[in-house]
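Letter by letter, the chains look like this.
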Amino acid sequence: MHRLLRRQLRKHLGVEGEVPAALQSFVAAVDSAYTDFDSDRAMVERSQELSSKELSEAHDKAAQAQTRLTDALETISEGFFLFDASDRMVLCNSRYRELYPGLADLMRLGLEFEHLIKTVVERGIVPDAAARPQEWIEHRLARHRNPGGPFLHHQWDGRWIQISERKTQDGGTVGVFTDVTEIKRREEELAAARDKATEAQRRLVDAIESISEGFSLYDADDRLVIYNRRYRDMHGTGSIDVVKQGVSFEAILRNATASGEIPDAEGRVEAWIAERLARHRDPKGTHIQHRSDGRWIQINERKTDDGGTVATYTDITDVKQAEQAIQESEQRLRVIAEAAPMAVAIVTFDDGIIRYANQRFSEMFELEGSSALGLQAKNFYADPQHRERFIDALTEHGHVESMEMLLKRAGGEEFWALLASQRVQFEGRPAMINGLADISDRKRMEGELHKAIWASEQATRAKSNFVASMSHELRTPLNAIIGYSEILFEDAQSAGRESEMADLRKIQDAGKHLLGLIDNILDLSKIEAGKMTLYLETFELRPMIDSVAATITPLAKKNGNALVVNCADEVGTMHSDLTKVRQTLFNLLSNACKFTRNGTITLTVLRDMDEVVDWVEFQVRDTGIGMTPDQQAKVFEAFTQADASTTRAYGGTGLGLAITKSFCRLMGGDVTLVSEAGKGTTFVVRLPAVTRAASDAAGLAAEKRSERPQVAEPEHAPIVLVVDDDPNARELLRRHLQRGGYTVRLAANGEEAMQLARTLRPDVITLDALMPHMDGWAVLSAMKEDAGLAEIPVIMVTIVDNQGIGFSLGAADYLVKPIDRDRLVRAVDKCCPRGAARQVLIVEDDAPTSELMGRTLRQIDCTVTLAENGRVGLERLKEALPDAILLDLMMPEMDGFEFIARLRADSRWRRIPVIVVTAKTLTAEDRARLNGQVQHLVHKGEYSGKAVLAALDELVPRHARRACADRP
Amino acid sequence: MKTAQYKWSQSDGWRPNLPTGDVGRQSVVFVFGARSLVQAGTLVGELRDHLKGAAMLGCSTSGEIAGDVVVDDSVIATLVDFEHTRLRFASATIGEAKASYDVGKELAQQLNDASLRHVFVLSDGLHVNGSDLAHGLAGGVSEGVSITGGLSGDGTNFAETWVIADGGAGPQRVATVGLYGDDLRIGYGSMGGWQPFGPLRTITRAEGNILYELDGGSALDLYKSYLGPHADQLPSSALLFPILVTEAKGGQGVVRTVLSVDEQNKSMTFAGDIPQGGTAQLMKTNVDDLVDGATAAAKASLSGLGDRRPDLAILVSCVGRKLVMKQRTEEEIEAIRDVFGRDTKISGFYSYGELSPFMHGGECRLHNQTMTITTFAED
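Quick mapping for you: the protein sequence lines, in order, are chains P and L. Okay, so the first sequence: first residue is 1 according to the numbering used here, each after it adds one. Okay, so the second sequence: first residue is 1 according to the numbering used here, each after it adds one.
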């Protein structure tokens, strides 16, 4: 029984085992039906299985066919795709995938064509689509659905793809994709090559057109093939229109001769044509053709390989004309030379023989007629060296503009001539044309002039020296006159003797005026003698201006004037000569005060940077009497005031402005003025913010150029030991000193210097401050400690500003005689403040001066000790230590310089402030001497040979007289 | 190992009556019942009350198996009291299918230790990616630990599936029991009985467990053409024609059935992953083939037990088989009974997916359309 029936019987009827008899036939029928159904189903499944198997086989075959198709599609070099009727991808080959690597992720069965095309646009695979993407997509889809002929896509990577689509029978679409980039490229290359060929042809035509000659090419049949415009233009009106491609050479000739363009052919036309044709067919180099319009044409014909004739035509009319011109100009030259006021001769180079000489030449050398021709030129030189120098110069430069030389006339008389010469070609040979002028008279006059100038210079120098020494002599008595009149005035004042006071004041004023005059004369004489030097230092402008203003204020008030100062606090610093800047401003301001009453004096300070120089500008404006243009013109001259009458009205020496101008120029600037009579005057001083001392290097270079023979070292000359690590500096000093008559020894470092100093015992040592290992200061200390060397004077040569060091060792201040009472008091106050007991030592040989100072100091509660020279001064120091010392420099027995050196050598006295009292304005050298134990401090940047010599001349007589004894 | 089985039906109530009093400490009640009964909770509550001390593990089904009978609209409770084997339970809620792998691994790691022998798992049948879950579980246990189980069913409704665990019953849950100890013997076998037919088709578009296109055409359209008039009853009618899925690189194919269809996207969602680029082939079967399959699965499940007869066999059979066999469904159970004999306690359910290694071992995989048997014995 069927299993299902048995279970159903059990489940639904509770029948287990035997089926009840009543149901047996029914159950048998159902059982049969179940079994039959199973059997039928088995049959159905069987047949289904078989069909499935067959289907599977058919499928396999189809798959196989598809594989073959796919394989076949893979082998073709074109890309291939197939989309079905609903535009889904059925297949594509790998070549197609390769053509579109950017779409690799999309490539699968079922891909919608529209999606594919949209992605192509999105990813920029066909850049042409970017402009109007939507339109492009629609166009592409339309083409896909209804394909036409093949079309091209230019891909983003530069490739060109040719696409060919076709509908299949079932409504699908096949596409074939061919990479035609290479074909496209070749097409482009071909087009480019065509362009190039066209371009080359055009260039050839351009080239032929652009050559300066006429050009023609006739073929083997003598027909014109190529020609340029110049060739055509060469022809006259009768033949020019015939010239065109294809015309025969003979036809052109016949037209030209017929219209008379060829003068040579006149009267023999046929013969000329025959000759010309023969030459054309068998060319023999160049020939020249004369045309009736006056032109000369040089024709150069040549056969070409293919039997044609190529020719160039050069217009040589200019050359022909130039030849003619040369002939004419030579003739003219001869005429001119004959007429010239100078002697002219042409001499051929190789043999030195005169080939031409004018009349004036014969006269100059006292020759008869034209007998100069054929003579040797060298016979006319008085000095063979002169001739040599001239020939050298001519050879080197090709010409000599003017050279003075000593020549000789035929009769043997020598004379000076000025020679000018030029190399030329004479009759095809290298030659020179010489022009000569007799300058004997001028030479004589020059000699006389030189003598006169020398004498004048001597006189000026003598005058300056005289004035300088006289001034010194004048100042000393003035000191007494002013000082004592001052004291007497004070006495009279305290005693109330009015009448005496007025007289004493007059004495005092007259003395001061005379002193001002002398100072100015001294300055002026220094300037004239070229001895005025600059003491350069860096200083703040503002404090200087304040101090000047403070000083000038009382003077301004005297005439009821207001002083206005316009100066910025941050106006900065200046590197210049402070004293001279101050003096310049004093001069201008005191002038302004003098010539202005109840007005305003304005001092304005500006900085002005131009392209090169940082300028400091001082303007002094007054509202005074002003000047006329005439007065303005003379105001800076010495001993001049605007009007002689002003001297009487306003006083003054008339030297101030001349000195001011000289100072300004010395400092690299100038002073100018703007003025109007009756309205006031403005003086403008422009000075460089940094003044540079005149470089000595230029001087050295100049000496080198002049190549003066070296001065031999004289026997027994004083010995100078030069210590410097820089060989150039050593050499420079050596040369200066040797010329000055010294024996010079050199040391390159401190150790060597010490050794040489001990063995040589030089008279003077110059010492560089900055050296490796042992610097100048160390050497100096070592020498001062060595008993054998301590006395040898040392000149420090340095580029370092050692004023700092110097100041700690040296003078605290200095005073100039005659002593200004106020300054003296201020100087002492500065050294030792008031309040405590103050003791001052005055070392001074001039009794009136020391007495005068003593009285003044006692008035301000100082205890005063006197010493008449340095030696006595030292004695006094041993007795009691003063708080300050007033020191004169020039004294017998022991002068101020030596005194201060001793003072500084002793540790007990080193700190005592010293105020120098001197009858002369201190020079930079003087200041340096006072600034320490060194005798001189010379700045390398500013020293000159003269300065060093001057320093030595001052030193050596004092310290090395023994060695100098035999000096001339 | 002691076993007792209690059946509840509308007509008879519990048969036999539920006992009272404590049961052994290492005992578990496997509960399989209709989704409406499980969801109602009354019967599960009664089981908890009566079988105190026993842990509970179960799910909703598409048909319950007890002995050699297949019933619907009932609850089958099988109490298993292990003599030597120790038990540990772990369960979790699964938020979305994507988390399947992580949940599987997490649960397995909770259970894993050196003495773990076997993991039996019951999972939600609709919101879980069974392939990922199996893969996750396998990744969380030591080598040599076997994993079997199934995805809960919901008749042929495909609406909601429930899982019962100690933490409570509910949808979107996964519950596991780990079995420990050297005295435990486990066998398993899984076999379908389906034959592929028709052309081999290329999976041209698929994402995860969603299939869109076969051979460049709509998969759903193709499928419907096979179902003919049955297409109206999708997705349940799709169970009649599962597909055999093979990966592009080859290897053993797996049978996959449709869980749901999306008319909008023309897509079909499967219980496991569909590999794009692989191949798919429709399958068919008949009652005899399915019964032969069940027999083969039962024989295979014995091999793990050595010379022992199983004390307990849990059968997880696909709902698709039941749809094909209809009144003759019990024939496959009878065939299994014939293999095991009368002494083996048989329980189980018709499912939305089976979990087991292939017949020859290897990692636990998701199967469809199979009879999957796990056998238990204690030395």
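Wrong hints could be hidden among the right ones.
Unchecked claim - Here are the simulated BS3-like cross-link-like pairs (lysine-lysine), alpha carbons at most 27 Å apart as the crow flies:
| id | chain 1 | residue 1 | chain 2 | residue 2 |
| --- | --- | --- | --- | --- |
| 1 | P | K557 | P | K463 |
| 2 | P | K53 | L | K284 |
| 3 | L | K105 | P | K53 |
| 4 | P | K512 | P | K451 |
| 5 | L | K326 | P | K11 |
| 6 | P | K463 | P | K634 |
| 7 | L | K266 | P | K118 |
Hints are computed from structural coordinates only; laboratory data are not their basis.
- CA of K266 (chain L) to CA of K118 (chain P), is that 27 Å or under? holds, 23 Å
- Query: Does the structure keep K463 (chain P) and K634 (chain P) at a Cα separation of 27 Å or less?
  - Reply: holds, 23 Å
- Message: Does K284 (chain L) sit within 27 Å of K53 (chain P), going by the straight-line distance between their CA atoms?
- Response: The hint holds at about 14 Å.
- Message: Hint check: K557 (chain P) vs K463 (chain P), CA-CA at most 27 Å. Holds or violated?
- Response: Given that 27 Å is the threshold and the Cα spacing comes to 40 Å, the pair is violated.
- Task: For the pair supplied as a hint, K105 (chain L) and K53 (chain P), confirm whether the alpha-carbon distance does not exceed 27 Å.
- Result: violated, 44 Å
- Query: Has the given pair, K512 (chain P) with K451 (chain P), been kept, meaning a C-alpha gap of at most 27 Å?
  - Reply: violated, 42 Å
- Query: Holds or violated: K326 (chain L) with K11 (chain P), Cα cutoff 27 Å?
  - Reply: holds, 15 Å
In summary, the structure is inconsistent with hints 1, 3, 4 from the numbered list given earlier, while agreeing with the others.
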